[in-house]
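In order, the protein sequences belong to chains A and B. With the first letter of the first sequence counted as 1, position 224 gets the number 224 in the numbering used here; the numbers rise by one all the way through. With the first letter of the second sequence counted as 1, position 175 gets the number 175 in the numbering used here; the numbers rise by one all the way through.
Among these hints, one or two may not hold up.
The calculated lysine-lysine pairs, modelled on DSSO-like cross-linking and capped at a C-alpha distance of 27 Å, are [as the list claims (entries may be wrong)]:
# : chain 1 : residue 1 : chain 2 : residue 2
1 : B       : K158      : A       : K95
2 : A       : K96       : B       : K189
3 : B       : K158      : A       : K96
4 : B       : K158      : A       : K101
Because the hints were derived from the structure by calculation, they are not lab data. From a predicted model like this one, the values you see are computed outputs, not experimental measurements.
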Amino acid sequence: MTVSGLIKSIREIPREELLAPGHRLCAGCGIPQLVRLTLKAVKGPKVVVTSTGCLEVATTIFPYTSWRVPWVHSAFENAAATASGIEAAFRILEKKKGVKKPKVIVFGGDGGTFDIGLQALSGALERGHDLIYICYDNEAYMNTGIQRSGATPKGAATTTSPAGRVIPGKLERKKDLVGIAIAHGVRYAATMNPAYPVDMYNKLVKAASISGPTVLHYFTPCPTGWRADPAKSIEIARLAVQTRVWPLYEYEDGTYRINVLVKKPKPVEEYFKLQGRFKHLFKPENKWLLEEIKRDIEENWQRLLRLAGIEE
Amino acid sequence: MRGKLTGMNGNTAVAYAVKQAEVDVIAAYPITPQTIIVERLSEYVNNGELNAAFIPVESEHTALSACVGASLAGARVFTATASQGLALMYEILWIASALRTTVVMALANRALSAPINIHCSHDDAYAARDTGWIELFAENVQEAYDLTLQAFRISEDKRVLLPTIVNLDGFILTHSLEGLYVLDDKDVKEFLPPKEPVLPIDPDNPITYGPLDLYDYYIEHKRQQAEAMKNSYGPIKEIHRKYSEFTGRKYAPLKTFGMEDAEVAMMILGSSAGTARYVARKLRKNGKKVGVISLTVYRPFPVDEIREALKGVKAVAVMDRSYSFGSPGAQLYMDVAAALYNEKERPLLFNVIYGLGGRDLKPEHVAWVFEKAEEVARTGEVREPQIWIGVRE
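Please model the complete structure; the sequences and the hints are all you need to start from.
Pasting the structure below:
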């Protein structure tokens, strides 16, 4: 794909801010960085649709709003559905009345994407609406108080998957959102991480260049829900990549590319020890779970290497 | 009578009206007995007879969600559903009205599960009664056509800006072939000019739609919405009148028969109103002072007109094609009772449950109900406040 507007350095990121300061997202939250970069990378007229969740409640408490672009919130599970209607309406109004069609950007949390909104997302992808769907994944229902979602990683403690004496946190694996998107035949899907802003910006530019649905899966640290130091969010995010917990890769018209090839991964314990949600994994009785998680991480990395055609 | 005489079933007539309304976006999901509407509309779009985006959604929840988005974007929008589909949309019904969209929906009235049934009850129509939608009831195929056209004009009127449901009885109207007059396309254009969106999504004028609204503002916004619904009544009547003048077919929120001197009356919604009037006409020929009130406009509830129409009436049978479990009466009954309670002179009321799941309401049933009403009027006593009719017990 030859795309114009890709950047090599953080200095090339435009200065214009379309998310006004004064919003109520937590200190150390990764969402504002995602939104700011998205609104910078996606040029021209745009509309943002947001599912119910942290981003919605923290940026639009009436009578205030942080949004300098048209912004629509309807319900929790229907962001992709609402966006479908907006996109279809502008497609026809452009033909009938010459109204300029804006780019439609959707932000959904992991609950609104992996769980309750998965059907609406699937429908929108299958119908081929021209939209960028971005999941900001903080790996649990943070807005309602840290409940387990289909995106919560194995081993993590949440308020509905507590680290108990019998069941030590969540025992199930996280769904493969990018894989789900690719299975729908999308042309572009990728993972993103706030510790890699240039990579993230370029992926947003690529997604915006495509006419049709694209899916971006963004890792967003949640100091509140992860019981972590807000000052260490970026460090945690970087460790997620460097331990191979959160591989940065992209899928483009049939080709997989690993964007940060982590040759010598750091021990996953370095990532876990900065977060209270994984604290119990260091107890001797939970060693089996820690080992299982390590095997999962390695398996996933090998899978991606195979998909990207890389021999180690 | 303006228009050309032709034959259509209720669904085809609705689809034809929607095509003539030149909608921009249709988002709908198949469900019996509404499916013919979306099939016809898909054909119109795919054959180039209607320049619209048809969104073949994966559920009714998405159908209405997409309609909300499309309406906010400035499009003229239509959807259709029934029963379970309406139930799945329920959450978004409230959002569609509170965001002041102008979505028009045809609701092919069907009983709600369980047990599963595909035939007519008004469960779905009543399920929407508190959600902030204007609700109209068609009595026949002609009305299904006419009310669909009027619904767009009502919803999009700048004094209204609320979504509208057009109810038509499942199978009884949706699938019955009847004669009707359809307008020429140019006449429809004259009656229904293109939608002029109010504050649509516009990147040059960014607006935040659907923000978080807590205890410091929510109640004021709800009050504004309540006022909007109340204020829609005048424009609805005006649009009915204009359409009546335009087509020669009379429309008003209330249809009354024999009410000028009626001592007992029946109140009813939907296709059974015709049966009720047929029986009332016969009884009146025999000197019985009976009357029928059917509602074309169910929401906003025509309180004043109902009070006026029931002046001097001694007993009223309020007919409900649904049931409200654990309530003091079914849905229309409670509305009518509440509308009359503070009147100094008011009739005695009793509630009749009929026709659930498509069971026929026969003329002899209606005649029997009128007899009951006469008994109530004569004795001044309601011995049976609620009667189920046509049930094997």
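Hints, one by one, checked against the model:
Restraint check for K158 of chain B and K95 of chain A: the C-alpha separation of about 25 Å stays at or below 27 Å, so the hint holds. With a CA separation close to 16 Å, the supplied pair K96 of chain A and K189 of chain B stays within the 27 Å bound. Annotation: proposed proximity of K158 of chain B to K96 of chain A holds, straight-line Cα distance about 22 Å (limit 27 Å). For a cut-off of 27 Å, the pair hint linking K158 of chain B to K101 of chain A stands: about 25 Å separates their Cα positions.
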